[in-house]
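A.B. asks: These protein sequence lines are chains A and B, in that order.
First residue of the first sequence: 1, per my numbering; consecutive thereafter.
First residue of the second sequence: 1, per my numbering; consecutive thereafter.
Because the hints were derived from the structure by calculation, they are not lab data.
Beta carbons: idealized from backbone N, C-alpha and C, even for Gly.
One thing to keep in mind: the hints can contain errors.
Restraint ranges, calculated between C-beta atoms of paired labels, are given here [as the list claims (entries may be wrong)]:
1. 147(B) - 88(A): 41 to 49 Å
2. 92(A) - 205(B): 36 to 44 Å
3. 97(A) - 161(B): 32 to 40 Å
4. 179(B) - 40(A): 36 to 44 Å
5. 173(B) - 60(A): 54 to 62 Å
6. 33(A) - 157(B): 45 to 53 Å
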Amino acid sequence: MNFKGTLPTLILEALLHEPTHGYRIAQSIKARSHGVLDFKEGTLYPALHKLEQDGLVDSYDAVEKGRQRRYYRITDGGRATLAKDRAEWTALSRAVTTILGEA
Amino acid sequence: MTLTDWLYQATRKLSRESAEQVRREIQEHYESARDTALACGSTSEQADRQALAALGDPRSANFEYRRVLLTAAEAKILRGGNWEAKAFCAHGTLRRALTAIPALALIAAIAFFATGRIELAKIALAAVVMTGLLFAAPLLPVYTAPRARIFRLVKWAAIAGAFALIMGADAMKMSWLIFSSLWPIAWIEWTRTSIRRKLPVARWPKQLYL
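Just chain A, same shape as in the assembly (with noise of 0.2 Å):
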């Protein structure tokens, strides 16, 4: 499913609990959209550098399991983007489902 324009959402969401690392961010958008949202794992860094960019996630080295990690965590402007997008997206799907519920 095409949900490019969304993929910044997303990844805030996954991080609105706990730091992470980009592979288990990837994993947790995957497992939580039960498969549906199935993105190509290439892109997903670029998304993260221009979060990173905007001030919305930042990140630090950690080691797990004996390897080298880059973790992000989400940051104050960060959880209030999401607030705003999680508003939005909930006020079109609404209005969509309204529409598409008619037909």
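Given chain A, work out where chain B should sit, using these hints.
C.D. replies: This is chain B only, laid out in the frame that chain A set:
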């Protein structure tokens, strides 16, 4: 296709530093995906294939990476600008000589006005603006993003004004000449805008403010 081929395509035209970053994060991701596939019972070959397939098209990734990470061309402009700035700041005599040019042009403009040679005075005044922007700008206290935005606005208005001053009523007629002579500056400015988007303000060299 192997991971090396994938990385080669995904890092095309990126700066050395950006390419290294991409290689590191994709390698990390690939190994995690491969470990998961192996844990699920895949053979080593299947695990490689699955991990690579999950990354998707390297050209799409390259396109996305070039929008957010420094490209080789942008890194070259940054290096070039750093070299100019260092040369300008490190040599006191050169700095004084270059900053004297707009002052001399201003004196010439006043002298031409005083003697009634208006056309020459206009050219000298345009030279004040252009050389002032070029040579005196690095000495201005422009070191915050809002000040930089104001400075750049003033700079482009001043450049347009200088051309209008020289060309007078013919400015519109000669616009092709103005655009063709300004396009290298415009291209560098465009590239700098892209760099500003990609680099955090804390990492901006002085030239990015101007």
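A.B. asks: With reference to the structure, classify each hint as holding or not holding.
C.D. replies: Results of checking the hints against the structure:
| no. | hint | verdict |
| --- | --- | --- |
| 1 | 147(B) - 88(A): 41 to 49 Å | violated, 34 Å |
| 2 | 92(A) - 205(B): 36 to 44 Å | holds, 42 Å |
| 3 | 97(A) - 161(B): 32 to 40 Å | violated, 56 Å |
| 4 | 179(B) - 40(A): 36 to 44 Å | holds, 41 Å |
| 5 | 173(B) - 60(A): 54 to 62 Å | holds, 58 Å |
| 6 | 33(A) - 157(B): 45 to 53 Å | holds, 50 Å |
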